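Residue strings, one per chain:
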Amino acid sequence: MLKNVFGGSTEQKVIDNMKKHMQVLYSASGCFKKGMEEWDKEQMYCVADLEREGDSIRREIISTIYEGAFLPFLRTNICRFVEIVDEAFDALKDAAFEFEHLGLELDKEIREDCIRIADINQQMCDMLMIAFNTLFNKGDLREKTLAIRIYEKKVDDLKFDLISKLRKKEVKDFWEGRILSDFMSYLTHISDVIEDASDYLHIINLSMR
Amino acid sequence: MKVDEIMTKKLEMIDADALIYDAIERMIDKRIRSLLVRPKDENDVYGVITVRDIVFKVLGKNLDLNKTKVGEIMSKPLVCIDRGMDIEHAINLMTKFNITRVFICAGKEIVGIISLLDVMSAELIKKAREGHSA
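Keeping their order, the protein sequence lines are chains A and B. Start counting the first sequence at 531; every next residue gets the next number (this note's numbering). Start counting the second sequence at 4; every next residue gets the next number (this note's numbering).
Bear in mind the hints are in silico, worked out from the structure with no lab data behind them. It is possible that some hints are incorrect.
Think about it this way: if two alpha-carbon atoms lie no more than 35 Å apart in a straight line, the pair counts; the simulated DSBU-like pairs of lysine-lysine are [as the list claims (entries may be wrong)]: (1) Lys111(B) / Lys564(A); (2) Lys70(B) / Lys695(A); (3) Lys564(A) / Lys543(A); (4) Lys571(A) / Lys12(B); (5) Lys668(A) / Lys543(A).
Note that the coordinates shown come from a computational prediction; the quantities given were computed from them, not determined experimentally.
Construct the entire structure; sequences and hints are all you get.
Have a look at this one:
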């Protein structure tokens, strides 16, 4: 249905770059997950690298849109969607940064929960790409956004459980506690942002009707 | 899809001697609807107490929450399946026994639990992913 609207060459360039943007987000979240699974702070540098790559793709998308891609009423929503995906990159990068500075030893159970959240985040990135592709084929966007909400709910449940466990942990100084708290906030915020992005896909889809 | 891909590994446990009031407190604090009841000794097996048991067997009968013990209303033995089984098998068991959760066992140990909501969520995600691979 949207092929007619997205059919021009500049539009196609934007769409290809948007797909690439989400693909890079998926790779960054995979890299983050691997770093957590191996509990290796060195590995987290790839997240910052991929975030920079994402930034560059975002700038290219926005420039192409302002050069005249898409009808004016669509541009705002598409730009907003791209900005939200970029917020997911930021949250991921911040989580990776805090992870690198994490001083406190975490229990096995807490580590497993964090890895589980990182895994769900990556699955959500994949589902966001699937949802985005339904704009161009006859797929059901509603069922994809529902899947994203289910994932988000799982992260919420894990977050609730993690916070109650972490409140019992003793920290030796302000920064140790602050870094741990920020790490958890960023880690669990990624799913919220991806859910927001999927909501925007729904808005883009509606605005095409 | 196999049950161990969607099971919840966190199992909240309570002793059979604990009071129903303790069980209610634990369920509310943890936002869960069932608790695994520890075996009393080596010859005993695990049991389960659910919100449904508390409502129908205690509150519905006006029993005292501070006097009734978990062991008096729990159900056992548990309905268990192997971790490598398909979700369809868990659904069949839920249908057959009219239960909303099935435990995942490895030998004598309980390693996870899947509820109706887990099954529904997994099926919806599977449907959304049809034709796509990560």
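Problem - Those earlier numbered hints the structure runs against, lowest number first - result: none
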